[in-house]
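Go ahead and model the full structure; you've got the sequences and the hints to work with.
Chain residues, written in single-letter form:
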Amino acid sequence: MLKRDERCKASASQGVSRRQFLKAGGILTGAAMFIGAGLTACSNDSTSQSSGGTNTQANGKETLISYSVYDTDILIIGTGFGGIGAALEANAKGAKVLMVDKGPFEFSGAAGMNWDQEVTWPNTAPEGITKCSFNDVLANQKLVSNVHQFLGKDAEAWNAALWWVRMGNTTWNRLSNGNFENLISAGSDEGGVGAEAGGVNLVQRGFSRHIQDTLKTQPITIIDNTMITDIFLDNGKCVGAVGYQVQTGEYRVFRSKATIATAGACCQMYGWLDVHPIGMNTPDNTGDVDAAAYRHGVPLVSNEFFGVDLISVHPSSLGASFNAGIGADGNHMQFVCDKDGEFFMRETNAYDVSRPIRDRILAGKGGEHGGVFIDLTSPEALDRTKLRPCYLRNVYMWKEKFNIDVTQSGYRIPVSLECFEHGGAFVIDENCSSSIPGLFGTRGYGLVKGHITQQTFVGAFAGLKAYEYAQDNDVKKVDWTAAEAEISRIDEIRTREVSAGIRPFEIRHKIQNNFYDNWEPATDAAKLQKAIAELERIKKEDLPKQYVADKSATFNRDWKDAIENYNLIDMTEATLRSALMREESRLTFYRTDFPEQDDKNWHVNIYCKLNNGNMELSKSEQVLV
Amino acid sequence: MKVTIQKYDPAVDALPYTKDYDIPYTENMTALKAILDVHEKCEPIAFDYSCRGRVCGRCSVMVNGTAGTACTTAIPDKAVTIEPLRGFRIVKDLVVDKTEFHDRISALELRSRATEISYEDVLAPVDYDNVFMKLDPLEWCARCGSCQAMCPAVHDASSKDTYLGPAGMIAIGLRFFDPYDTGDRISQAVQEGLWNCIMCGMCDEVCPALEIEHIATWTKLREEATARNLTQKKAPLLPFG
Ligand SMILES: Cc1cc2nc3c(=O)[nH]c(=O)nc-3n(C[C@H](O)[C@H](O)[C@H](O)COP(=O)(O)OP(=O)(O)OC[C@H]3O[C@@H](n4cnc5c(N)ncnc54)[C@H](O)[C@@H]3O)c2cc1C
Ligand code: SF4
Ligand code: SF4
Ligand code: FES
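Taken in sequence, the protein lines are chains A and B. Once you know that position 572 of the first sequence is 571 in numbering that gives the first Met the number 0, the rest is easy, because the numbers rise by one and skip nothing. Once you know that position 4 of the second sequence is 3 in numbering that gives the first Met the number 0, the rest is easy, because the numbers rise by one and skip nothing.
I should point out that these hints are in silico values taken from the structure, not numbers from a laboratory. Just so it is clear, CB atoms sit at the ideal spot from N, CA and C, and this is done for glycine as well. Any given hint might turn out to be false.
What the hints assert, rightly or not - Label pairs and their computed distance ranges (CB to CB):
#1 B:Asp155 x A:Gln407: 39 to 45 Å
#2 A:Ser619 x B:Gly182: 50 to 56 Å
#3 B:Ala226 x A:Asp382: 32 to 38 Å
#4 A:Ser175 x B:Ala13: 55 to 61 Å
#5 B:Glu99 x A:Asp339: 24 to 30 Å
#6 A:Gln407 x B:Asp126: 42 to 48 Å
#7 B:Ser117 x A:Lys398: 52 to 58 Å
The following block contains the structure:
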């Protein structure tokens, strides 16, 4: 059985000459992948140059390292909704598109999770940008306006419910009379959608697998199980990315005319609960490409904002999982109660539900677990119109597999705020471009939390802009030195020998607990300073001692964790420092020493930029049209 | 508690081997938690997961000989043996390669339809009991491969190449109930070995998506096939040997 990427490979590197990198011949140029067909057409790029004579030192010995090169017009990092939108658009324009993902395709990212996704869209093409479904309080309004124009005035272009079905989804949720169920979302006043129309349309039961299945019918090359560890720069331009195949350890360099980084939200700093942080996002999203862009001088933005929801934290082995847990999100708050059994969320119609929940906890009305509760003991709770179906199914699963009956009189499910999205991302402009020519993104425009439709729209727009840029950008001749330096860096992480070393997971858990303990339910200056000091200590004392216990290049969790830790530390530092700078509270961001929203001073984004080895922060005015 | 894990690095080892580890049992422990504990407290293990909730399908393993998603398999405070999912190529230790399995299901599950779907089609009522409630459970298939690993019709040498397996059959069933699909899913099911399944019910037993009723789905497809006189088993690909 061959991996799909091995099928496309024209040649693989074998023996290597000393003191230099061996670059295997050009691998493919946007070869099509045909489902079910045994072999895929591949073009062998015989023009590939030989590499420069760089060598790498590890353990004082010379090491021989080989890598493979993949060529494409448009490189897309991440096969989630951002990546899907970008890939479909660039492909439709006629570009050769190559997508790369850290995990196995269709098993990774939020799009690789098969649950009943909620999809939102406005009734008609909205009149103004404040009413469009991907706007957000601090968003770059020029970008939002550009995406708005890109989508146009045709209501069908905005109709995500129709698009999903055309992409293979079956029917949206039905009421018992067979009618289409449309839940109108609350809170259309705060940067939401369609206030006049009475709110945004919201349907449940999207299964993104269908969309990814349909993506596979297109002549788009998908290279999975490959982690991007750095962007590839030549002469100040982004000419691709560098990474390695996590199952085999093979180093890979992707050369592209334009690169779109859409590798998801980094939520991994949010504590630790048996098998995962207190966040439903995927463990693969560790801010790798955002941190890489940051190291190359692109600022990070929106770090202090998280998208949060309530999810069960017991049984802890189910790891704050959306899909094995029982929770409540914005529309399903009626069974949330405090330690006295009071259903306190029934009175509030706050758009941001995290604030009343946190206030309740701070008032001493939370449980010992530090959160609140969900009470499903009344028979009406088990109605799929009241409890989101993806939670309802776990009521039965818990009973059958863990012998926990949450409907039993007196039972309260301990729940906590978990983070499903993190705002932190590298900054992009109104054309989705970063400050590095050739590097595009889908998130860093000052949004507070993301959702599926938004990522698809902005992703598609990024696909268009990357395509346009690629038209007159030639990368035939590039200097491979930077790519080789990156390969040396990640190779050293695996082969490093240290006495009294620390395994990567230990460092990871320290980062996570340090962050979470000083963040939830609310933070303040003292906590943030403490957390920053500890993070600095981890960086200075622990990180140099990080070692990979298993030296094998084949599927090596320690190695992957170790590389990710460098990125997670940067993302966590940006989060803590931005939080300390922002002297107010806003949406899900809550400081007890500055509990009010302060639009006069803080209706701004905070940028974190690397300058002479230090993270420098600055305020950045919201870009208006 | 004693946890026995099958280890194998194809780049180094001639054959897979097992190793025993001793870790403390914790309340409501899942197989995923046990693997992670061994990885963190004993020695590195190659394993993979994402959603922790039976929807990404990435973590499936064999626990005491039965396939399931590690993240939702509760384990007892007794000795357990964890091995990679049967029938798939081992990448390392507990990680297997499901690419071809997944690609095949994807291809089968593409909608078959000539005309574009309109928004009116999307809004039109759907028969709740006979269509929606039959279709809805099938959507939860995570393509985890647990049923495939356990299915005797897939693994038995005498029927090996005649039956697609339960996960793919669920995909065909899904499109059979999909109100927007116009393909002949009954012929497809028969071509893929609908009658080669021995109706043992093992798939129902191991599937982490508790709402999926495999046998009931096979029965429905068989009824439709019978009504059309399509009752033949699929023959092996080679007529000899
Ligand atoms: C459990 C859950 C439930 C949610 N529910 C809803 C909902 O119902 N409705 C809604 O609108 N929104 C929902 N959201 C939010 C929504 O899913 C996300 O905003 C959206 O999917 C993000 O898309 P993305 O493309 O940015 O990221 P992702 O889908 O996370 O994709 C990022 C991809 O990048 C890959 N990647 C990461 N690092 C690397 C690397 N170094 N190299 C290569 N690849 C890499 C990952 O493997 C992943 O596949 C939910 C999120 C989660 C996690
Ligand atoms: S019932 Fe059929 S499909 Fe299911 S395990 Fe048995 S033989 Fe396989
Ligand atoms: S039917 Fe069940 S066991 Fe089989 S692949 Fe789907 S989710 Fe897994
Ligand atoms: S981790 Fe996703 S199914 Fe187990």
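Violations among the numbered hints: 5, 6, 7
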